[in-house]
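K.L.:
I would like the entire structure built from these sequences, with the hints used as guidance.
Protein chains in written order, with the numbering used here: chain A, 119 to 232; chain B, -16 to 521.
These are computed hints drawn from the structure, not numbers from a lab. Using N, Cα and C, we set each Cβ at its ideal position, and we do this for glycine too. Careful: at least some of the hints might be erroneous.
[To be verified] In silico SDA-like links for lysine to any residue, alpha-carbon gap of 25 angstroms or less:
no.: 1; chain 1: B; residue 1: Lys207; chain 2: A; residue 2: Arg188
no.: 2; chain 1: B; residue 1: Lys207; chain 2: B; residue 2: Ile220
no.: 3; chain 1: B; residue 1: Lys207; chain 2: A; residue 2: Thr172
no.: 4; chain 1: B; residue 1: Lys430; chain 2: B; residue 2: Leu369
no.: 5; chain 1: B; residue 1: Lys207; chain 2: A; residue 2: Glu146
no.: 6; chain 1: A; residue 1: Lys140; chain 2: B; residue 2: His345
no.: 7; chain 1: B; residue 1: Lys207; chain 2: A; residue 2: Ser168
no.: 8; chain 1: B; residue 1: Lys207; chain 2: A; residue 2: Val190
no.: 9; chain 1: B; residue 1: Lys207; chain 2: B; residue 2: Tyr130
no.: 10; chain 1: B; residue 1: Lys207; chain 2: B; residue 2: Ala84
no.: 11; chain 1: A; residue 1: Lys140; chain 2: B; residue 2: Glu293
no.: 12; chain 1: B; residue 1: Lys430; chain 2: A; residue 2: Val149
no.: 13; chain 1: B; residue 1: Lys207; chain 2: B; residue 2: Pro82
no.: 14; chain 1: B; residue 1: Lys207; chain 2: A; residue 2: Val149
no.: 15; chain 1: A; residue 1: Lys140; chain 2: B; residue 2: Ser286
no.: 16; chain 1: B; residue 1: Lys207; chain 2: B; residue 2: His139
no.: 17; chain 1: A; residue 1: Lys140; chain 2: B; residue 2: Ile298
no.: 18; chain 1: B; residue 1: Lys207; chain 2: A; residue 2: Val167
no.: 19; chain 1: A; residue 1: Lys140; chain 2: B; residue 2: Gly289
no.: 20; chain 1: B; residue 1: Lys430; chain 2: B; residue 2: Pro444
no.: 21; chain 1: B; residue 1: Lys430; chain 2: A; residue 2: Pro147
no.: 22; chain 1: A; residue 1: Lys140; chain 2: B; residue 2: Leu296
no.: 23; chain 1: B; residue 1: Lys430; chain 2: A; residue 2: Glu146
no.: 24; chain 1: B; residue 1: Lys430; chain 2: A; residue 2: Gly148
no.: 25; chain 1: B; residue 1: Lys207; chain 2: B; residue 2: Gly472
no.: 26; chain 1: B; residue 1: Lys207; chain 2: A; residue 2: Pro147
no.: 27; chain 1: A; residue 1: Lys140; chain 2: B; residue 2: His305
no.: 28; chain 1: B; residue 1: Lys207; chain 2: B; residue 2: Lys430
[Stated by the list, open to error] To give a feel for the contact side, a few chain B residues facing chain A, derived at Cβ under 7 angstroms:
no.: 29; residue: Ser301
no.: 30; residue: Gly304
no.: 31; residue: Gly310
no.: 32; residue: Arg349
no.: 33; residue: Thr366
[Stated by the list, open to error] Across the chosen pairs, the derived CB separations fall in these ranges:
no.: 34; chain 1: B; residue 1: Asp355; chain 2: A; residue 2: Arg130; range: 24 to 30 angstroms
no.: 35; chain 1: A; residue 1: Thr211; chain 2: B; residue 2: Ala174; range: 43 to 49 angstroms
no.: 36; chain 1: A; residue 1: Thr211; chain 2: B; residue 2: Ile177; range: 23 to 29 angstroms
no.: 37; chain 1: B; residue 1: Arg358; chain 2: A; residue 2: Ser168; range: 54 to 60 angstroms
no.: 38; chain 1: B; residue 1: Arg358; chain 2: A; residue 2: Trp125; range: 39 to 45 angstroms
no.: 39; chain 1: A; residue 1: Leu126; chain 2: B; residue 2: Pro121; range: 57 to 63 angstroms
no.: 40; chain 1: B; residue 1: Val176; chain 2: A; residue 2: Thr131; range: 44 to 50 angstroms
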Amino acid sequence: MDLLDRWLRPLRTGVVTSTYPKAPPVLEPGVRGLPELDPERCTRESACVSACPTGAIVLSAESWSLDAGRCVFCGACARACPTDAIALGSAVTIAAVRPAGLLHVTPLPARADR
Amino acid sequence: MAETAVNPSAIPGTPVRSSPDGLAGLLRDRARPRPTVATGELAFDVDSTELPSIASGLGAAGWRFVMLVGLDDRRAGAGFAVEVAFERPASPIVRLRAPLAADTPSYPSIARVLPAALWDERELKDLFGIVPEGHPDPRRLVLHDAYPRGFHPLRHDAPATIPDGPTDRHYVPFAAHGEGVFEVPVGPIHAGVIEPGHFRFSVVGEVVLYLDARLFFTHRGIEKLVEGRSIARALPILERSCGVCTVAHATAFSHAIERIAGADPPARAIQLRAVLAELERLYNHVGDLGNICAGIGFNVGSSQLGWLKERLLRINESLTGHRYLTGVVVPGGLVGDVPAAALGAVPGRLAEVERDLRAAVHLINRTEAVLDRFRSTGVLTRTMALDLGTVGVAARASGVEIDLRRDQPTGAYTRLEVPRVESVAGDVAARFHVRAQEALASFELLKQLLGELDAGPVSAPLPPLPAGASALGWAEGPRGASWIWVRIGPDEQVERLHLRSASFANWPSVAAAAPGNLVPDFPLINKSFELCYACTDR
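P.N.:
Structure below.
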């Protein structure tokens, strides 16, 4: 019986692996991926910069940039943001060939706009 | 020589002043009480010359060695100091501090009477330059040959970068000698995706006579790195000491901080911490069972259990956003509540995993070719486990009843009945059995915890942390007891922190279990302990 079970069980179970990287990775809702900024909501108070435990965020007049090589996906930036402009997205495939590829830059609207 | 009477009224959380349980008689006029902020802890100042006799007396009275902490108090006008902590079920924790000289700090080694401290004292010598006189193994442990002589990074005046300078002579492995004895070096680079460690086997034919394990290739100086950091910035580093004991380390750290602050997190937070701790135990145990199967090339078992581990990791991800549970446990509670929808789905998902785990374990237990490899392989005797201070699954598989969830219960475990899982054989089969039974017990604990979750907040602000206060925190992780000692400096910064992980405690046991076995069985023995290198090396 055990031998039969050993042969039949895989057939009953079927394929459990995914076809990543051909298909996107299987993720649970709520996964903490790369932090993303909504530039329209950002008031540039740099609460995220001081909250980040690894110094992954740089805020300038023109842009908000996140170094994925430093980010540990803790979500401190999103919790610190007074305007809820930051959310942890579902981007988890962030490997890059060069260090510069780890820098994710979000342009900010010019100051005069607001 | 020591009194062994147990005082039934001494419960954790009750500071015992005139302790009638043998402690007072043991310490007599040799120890001067020192104030502590944390409840359930007794602190004493002792002369360093008294340490070995007090340590052996405490050991004989059933106290277990917890850790040894080096301190550099020269900035405060004092010298160095060494602190030794002990615990015993249903007793307060005992901390003995011995002040040492500022110029050439040394004290008589306690490892001769307390072999559990063998590695702790070697580490202390490397990182602080505090010499345990008469230590049976004076070789370097943490700092390998390339570090210059006289460089002790945990001293406050240590240079920030490693200076050039003459180094100590090359590493000399302990080995057996004689006609027909060969040495087989393995590692530090291994086939497969595992961490670095160098194993030097002395063999006759295929039989191991002696194993010298050399670790600390991934020493990153985490204890130095967190010095002077705020609690919030120290935590992300600390909980990544290794990848798989995250909740244990974060909980132990948070526990120490909360004991210093004198505040407990809200009920829902401590219940959810226990949920996360059991989920961490589950995915580790299930994955380790699979790794043990991989250790003998039993692919049916390893692939089925690997799939179950993946499903458990996805449950972790659904609750916390992270498969390995980082960034959730913080001093004061949790960073936020778990999503209600995901939480509601957990019992059903766990039930499916439990059903499949039972089937997989049944299949493995019915495969004679597997059991033949497991039985009588890598025996750790009860005496060895007691002497070496083995913790966790490895200790319980050798007939040593030790589990901080029962012995020093904190948080939700004060009200949970954690079942005893017994085994006495001390071999790979026993460690496999204990893991499997504990995993099944974790499902029951999770059912109980998830059925009785309180509503309410998951964090509460902590009162200010007094500068100079220190405390221990602990958690029973998947590999056993993780202990953290922390002292707060000015501005609520971490002044000194020491992590003694379960893996650190258990590595000497792996080396002790190897002799008498065949070299090709060592990967199996190693996997049956399944220790981390990273949180050992730190």
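K.L.:
Verify the proposed pairing of Lys140/A with Ser286/B, using a straight-line Cα cut of 25 angstroms.
P.N.:
holds, 22 angstroms
K.L.:
Below or equal to 25 angstroms on CA atoms is what counts here, so check Lys207/B against Val149/A.
P.N.:
Measuring from Cα to Cα gives roughly 32 angstroms; hence the hint is violated.
K.L.:
Is the Cα-Cα distance between Lys140/A and His345/B 25 angstroms or less?
P.N.:
violated, 36 angstroms
K.L.:
Going by Cβ atoms only, is Ser301/B closer than 7 angstroms to chain A?
P.N.:
holds, 4 angstroms
K.L.:
A closest beta-carbon separation below 7 angstroms is what the hint needs, so does Arg349/B meet it against chain A?
P.N.:
holds, 5 angstroms
K.L.:
Please work out if Lys207/B and Lys430/B have their alpha carbons no farther apart than 25 angstroms.
P.N.:
violated, 40 angstroms
K.L.:
Is the Cα-Cα distance between Lys140/A and Ile298/B 25 angstroms or less?
P.N.:
holds, 24 angstroms
K.L.:
Under the criterion of a CB-CB separation shorter than 7 angstroms, is Thr366/B in contact with chain A as hinted?
P.N.:
Violated: closest Cβ of chain A sits about 38 angstroms from Thr366/B, beyond 7 angstroms.
K.L.:
For Lys207/B and Pro147/A, compute the direct alpha-carbon distance and say whether it is at most 25 angstroms.
P.N.:
violated, 37 angstroms
K.L.:
Kindly confirm whether 57 to 63 angstroms is satisfied by the beta carbon distance between Leu126/A and Pro121/B.
P.N.:
holds, 60 angstroms
K.L.:
Can the restraint linking Lys430/B and Gly148/A be considered satisfied, given a maximum Cα separation of 25 angstroms?
P.N.:
holds, 23 angstroms
K.L.:
Indicate whether the distance between the beta carbons of Thr211/A and Ala174/B respects the range 43 to 49 angstroms.
P.N.:
Violated - the Cβ-Cβ distance for Thr211/A and Ala174/B, about 27 angstroms, lies outside 43 to 49 angstroms.
Hint check: violations occur at hints 4, 5, 6, 14, 20, 26, 28, 33, 35, 38, 40; the rest are consistent with the structure.
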